[in-house]
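Going down the list, the protein sequences come from chains A and W. Each residue of the first sequence is one higher than the last, beginning at 1 in this note's numbering. Each residue of the second sequence is one higher than the last, beginning at 1 in this note's numbering.
Please keep in mind that the hints were generated in silico from the structure rather than gathered at the bench. Bear in mind that the values here come from a model prediction, so they are computed numbers and not experimental data. Note that beta-carbon positions come from the ideal geometry of N, C-alpha and C, so glycine has one too. Treat each hint with caution, since some may be false.
Said to hold, decoys possible - Straight-line alpha carbon distances no greater than 25 Å define the calculated SDA-like cross-link-like pairs of lysine to any residue that follow: (1) W:Lys51 with A:Gly413; (2) A:Lys335 with A:Lys226; (3) A:Lys2 with W:Ala97; (4) A:Lys321 with W:Ala97; (5) A:Lys226 with A:Ala131; (6) W:Lys51 with A:Leu145.
Said to hold, decoys possible - One-sided and incomplete, this derived list gives chain W residues near chain A with beta-carbon spacing under 8 Å: (7) Ala22; (8) Cys24; (9) Pro200.
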Amino acid sequence: MKTITIDPVTRIEGHLKIEVVVDGGVVKEARSSGTLFRGFEIFLRGRDPRDAARMTQRVCGVCPVAHATASALALDEAFGLSSKVPPNGRILRNMILGSNFLQSHILHFYALSALDYVDVAALDEAGPDEAELRAVRRFLERGQLGPFVPRYKTEFRLPKHVNRAAIAHYVKALEIRRICHEMIAIFGGRMPLQMATFVGGVLSTPTDDGIAAFLAKLARVRDFVKNAYLPDILAVAKAYPEHFELGRSGSNFLAYGAFDQAPACGPVSERKRFFPAGAVRNGVLSRVDVSAITEDVARSFFTDDCAAAPGEGKTEPAVAKEGAYSFLKAPRYGKEPFEVGPLARTMVAYLAGAKPQKETVDGVLAEAGLRLENFGGTLGRHASRAIEAALLTDALERWAMELVPGEPACAEGPPPKEARGVGLTDAPRGALGHWLEVGEGKIKNYQLVVPTTWNASPRDAAGRPGPIESALVGAPVRDEANPTEVVRIVRSFDPCLACAVHVVGVRRDSAGDGRVVRVA
Amino acid sequence: MSPAQARPGKVVEVPAIWIQGAGCTGCSVSVLNGVAPDISAVLLDQVVPGKHLNLRFHPTIMAGSGEVALRILAENSAEGGAKGGYVLVVEGAVPTAEGGAFCELGEESGRPVPFAEHVERLSRGALAVIALGDCAFSGGIPSCSPNPTGCKGVSAFLASKGISTPVVNIGGCPPNPDWFLGAVAHILLRGLPEAGELDPWGRLRLFHGKLVHDNCQRRAYFDTARFARHPGEQGCLYLLGCKGPMTYADCPDRQWNGGTNWCVRAGAPCMGCAEARFFERFGPVYEKVTDDRLARLREV
Chain A
1 MKTITIDPVT RIEGHLKIEV VVDGGVVKEA RSSGTLFRGF EIFLRGRDPR
51 DAARMTQRVC GVCPVAHATA SALALDEAFG LSSKVPPNGR ILRNMILGSN
101 FLQSHILHFY ALSALDYVDV AALDEAGPDE AELRAVRRFL ERGQLGPFVP
151 RYKTEFRLPK HVNRAAIAHY VKALEIRRIC HEMIAIFGGR MPLQMATFVG
201 GVLSTPTDDG IAAFLAKLAR VRDFVKNAYL PDILAVAKAY PEHFELGRSG
251 SNFLAYGAFD QAPACGPVSE RKRFFPAGAV RNGVLSRVDV SAITEDVARS
301 FFTDDCAAAP GEGKTEPAVA KEGAYSFLKA PRYGKEPFEV GPLARTMVAY
351 LAGAKPQKET VDGVLAEAGL RLENFGGTLG RHASRAIEAA LLTDALERWA
401 MELVPGEPAC AEGPPPKEAR GVGLTDAPRG ALGHWLEVGE GKIKNYQLVV
451 PTTWNASPRD AAGRPGPIES ALVGAPVRDE ANPTEVVRIV RSFDPCLACA
501 VHVVGVRRDS AGDGRVVRVA
Chain W
1 MSPAQARPGK VVEVPAIWIQ GAGCTGCSVS VLNGVAPDIS AVLLDQVVPG
51 KHLNLRFHPT IMAGSGEVAL RILAENSAEG GAKGGYVLVV EGAVPTAEGG
101 AFCELGEESG RPVPFAEHVE RLSRGALAVI ALGDCAFSGG IPSCSPNPTG
151 CKGVSAFLAS KGISTPVVNI GGCPPNPDWF LGAVAHILLR GLPEAGELDP
201 WGRLRLFHGK LVHDNCQRRA YFDTARFARH PGEQGCLYLL GCKGPMTYAD
251 CPDRQWNGGT NWCVRAGAPC MGCAEARFFE RFGPVYEKVT DDRLARLREV
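With the rest of the complex left out, here is chain W (with noise of 0.2 Å):
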């Protein structure tokens, strides 16, 4: 329960829309385990005070089906009437392929709508875009090679497309919930980022400023070289193919599920989902990264 709740006073509603287009639902998944505020004060309640986030569209927990829920996305389009007035919240990658026939959402007059038309209509009336997890942010695993369905993360997209809506990336696979509740609080209290707030990604510097590797806990034993090469020992897991060395987030020090545990101090290498299309540059996830590769992962 947030202290807002208290509070007298006219209540602003921002209207959210929030569409999945090539993904897993694990980035829905991950901001359901929000802890401070949690889903329900984001859902009911105000995020910070005298604002509301108003979520209109969702395909996993909205109430309508079908014509119900599409009637929502048309009136909201730039063809519906609606300008600047909501937040677009994009999940999954956009398939460009064939047309972008690889997901559909929707018909109209008969015809399947492909998911890249609706980023198109609704990112031109967005206020801003959040490419939230690593599928909106760069493509992220359906763009793995070969990319059979043309996978593109949503900047990308935009680009492509001559639409220059503000976007705000948020890395990870899945995102830590807090990097998109701690985004829409930052937004909805300090209006949309400033350049210098965006690393040379567009994510957050707030969460994606600091090297993995320099907050670990067992940084130590790097330092000393005491590293563990069986599952289950102590040190440091960078030749079980840890990727903190290459990964921008703050996981070391925020934790992941309300503080519970972080994938390293669970034994498992960090697989460096926070960064762009993770599983292809950084892969194979339990083999060192070589030398060679180094060099080329620090590329935009």
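Chain A extracted, bound-state conformation (with noise of 0.2 Å):
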């Protein structure tokens, strides 16, 4: 038995630590935990309710849309305004949102996990020569190969010519996410940390020039999904094809969905989503029951009382607990561990009938030889996020169009002096949710439960392991100084740290006087 900790894990958002128990060359048991604490809710308490939509964006800069989202889908509810949305204000917060979960995803795969299947480093000098492949030559000739080596010793399987356009690929990407960004710009002045995802809708307007910007470039986007993402996983699916079961976190998927189609009112899984919200459990699809979530502390340096209904809950460290082993709470549905994230929300929708979704999945089924049950893992998660794409670049065409230039985009009422209100979305990484309260006009108390807190979580009361923990058991670990399979599941989870690292304590070695713990 041998115990392996990587850290830093790069290539994902945040700080991250993993530790893996490998035995036989196989990994027994897994543990994972953050390293950076800043203490938003700490900060936010006080401020100015609309500041939040703001302030949460910073939580993290991958997707500071989806916390704008879930921020001001609370503030709608605390303001009265969730019925009130414009249709304008709805459309564009979905068409921002979906610019950046196509940035996120082609980022994820190409930026942070494609240099764990494709060897930059390896490129022949056979054939076509595309401008992409001349700079990435003379790079290689320089001989300086920063920041691309050094890296772990890698098996890479795909054919050359495969490898070569996937190469150019890696390079191309860089562009077409930059692309997905300007579209965001349009209606959100900049991005990332967009300045118009507002209570009541969002502070642009809609021009036709705008949208006819938006168009040319979603275009851009488009092709590149179509002709290179989507046939880029098929590729490495073909080549990797035990990655679908590899990294499987158990059966368990939960989404809030996301892209509502009609205004934001009503239970969660009652809500027309373009996504759609459920819970799916050992196969078997239900409606999303949000008194069911729990956050527990059992494993975790939190006094027992902490584990309580997000929003309810409180933080308050314990850290000679016997057991524990983690500053991440543990999330539950149902009292049990949820994988959320784009092969939950495939699941989903795919169990629930979307027809788009089960149109494209049937499709990559059909593609890779696959039949539902042997979709998931490592793989399955990296082709949900492709599929995803591919659907949300013909869906934000729709959107656009039905946009109205010289209509309202934003609802105004009064602010509130005590209210409270729930904003549930699905970030790219999965089920995200802001809980609000709302005292003398300031906010009373924030509390976010984000996708990392799921599948990052530690074990529970009864000893079952976080999503990612479960997904690691298993892996093999064939070289104990490059244990590239767990970093390839790790990733696949598409983790952030900065997102799940924010109502944590943290600990310390004090010279020598154990571990000391301070949370603020």
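Put the two chains together into one complex, using the hints given.
Listed below in structure tokens is the structure:
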């Protein structure tokens, strides 16, 4: 038995440490912990509630829009505006969020994950010489290979011509994801940390020239998604077929859904969303019951009474707590761990019979020679992102055409003195919830339960590991100095530690005096 | 594709180490949005003729993880024997409370290494430090009251450690990619900025020399007292909380995302993000800055 520590896990958002116990070349047990704490809930308190949509974007600069969206939905509820957000406001929010889904998914596969499958250093001389490859070749010839080398020794399986195309796509993807952000800037002012999403709708107004610019940029993104991103994913699927099994977390999936097609009122499962909400337990789909969400702290460094529903929870440390090993709480749904994210959304949408998802997934299954029950794990997550990107490039065009220049995009109402609001949406990385309480006109309490807290959660009272921990068990580690499979699995979740580690304390080794914890 | 690509001749490799502390990766994502030069040209090609920025460490894009990644930091720190050979880019604030334990990066002999310690070691050996974005510049978002993690900007942190390596501050939450790439080009072409090129906050006047308000497309509305009072209205956004009159940045000229747009043009009041600790000093975002606070905003 040997414990391997990987710190930092790079090519993810934020600071993550992974420890795996390896025996006989296979992972037996895994633990994950975040190593940055900033304290958003603390400095949100006492501020103007409207500022939450701006400040919570700073939780994560990779998917700030999802936080702005969840925050605005919570604010809509607190201000009594949920049913009054004008169609332009609802649609522009969807266009801004949808463009960032595209950006995030493309960035995740090419900039963050591709280096685990594509060998940038192995560019052969033959074949067509695209501009992107000329730049790479000159770079390789100069021989200073940072930041692509050093790296773990990895088994690269893509055929030469596919690897070559994927290198060109790696470079092209940098341009395409940039265009996605330009699409957001048209209506959001700028990106990242766009400025438009606001309580009651958005601050900007649609114009025909803006719509035309958006569609022109979208066309370039769609071409890349359908002719490079999806084919590259299928090529990786053919080269690494066992990666649909490798990295499975179990069979529980949760999604709040995203992209409201009607005013966001009532229970989240009843809302008309392009990505539907739902909970899949052992292959059976049911409606999301928000009251079934709890946060378990049995194996977390918090006092036992911290276990509660989100929004009611508190954060009191218990450093010497026996059996605890993580500063993340463990969100559970009906007392069980649930994976959130693109694979969860795909499972929910497929089982809900959502037509566009079902058709696209069936197409990919046929291409990869798979049945739905084989679709999961590391590649299931990557493939789900590509499928979502393809669906969104079509949907965004429809939505842009529904805008009506000249009509309002924002509803107004008097700021409440005392109110509560909950904002539930899916972020690119999964189910995201903001719980807001307003008192005396200021933020009294603000709690976030973010995707990575679900996925990177520790074990619970019943000893059930969190999804990433489960996914790592059984992973092969052929060479302990090069735990490639471990980081491949972790990255497939697209973890965002800046998001996850926000209400936790910190471990400190104080000159050998043991652990000291301070939770502000 | 820059014209530099076609040129023959020797290319000088300028090593850069980019580390992230108490931040959100938004600065990195913003720099990815650069258009001229674009990020692939920065990574693969010459930023200015004959010089390539050799990005040895960047946690979000580098290939290596764990030990493989940490070794790069060790080799480049002052102890590793490297002196003055690289540019250090810091993104995010430096948490200093509890011995820096609120942000840790890697382990040494089983001991988690505080981010602050990395900043200290790497700064000593650096040619210069670029403090990128409001958090690295001033402490930024995580230093908001009550600053639970004791976050500091890089300049303040290095001063507390008696380290005199030159620091170039770049404001913004996020910074405009041109401010970073332009600063890099400026340093590669002309060397480190002279005192007169920096403003009292240590930012390049090239980007932070003008008030947003003075160059705003909506300035004529302000001069004729036509103020927007509701979202989506035409008019000056001052009464909706615009901080353009207190913010030094070239956003109205340069704009964002390759000239696509900028905040005020999209109907959103400037929130002053180019200024030190903007959320704390300028908030609430959607309230006009009161006169009593205006006087204090000029303090360095």
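Hints the structure fails to honour | Violated hints (numbers, rising): 1, 2, 3, 9; every other hint is consistent with the structure.
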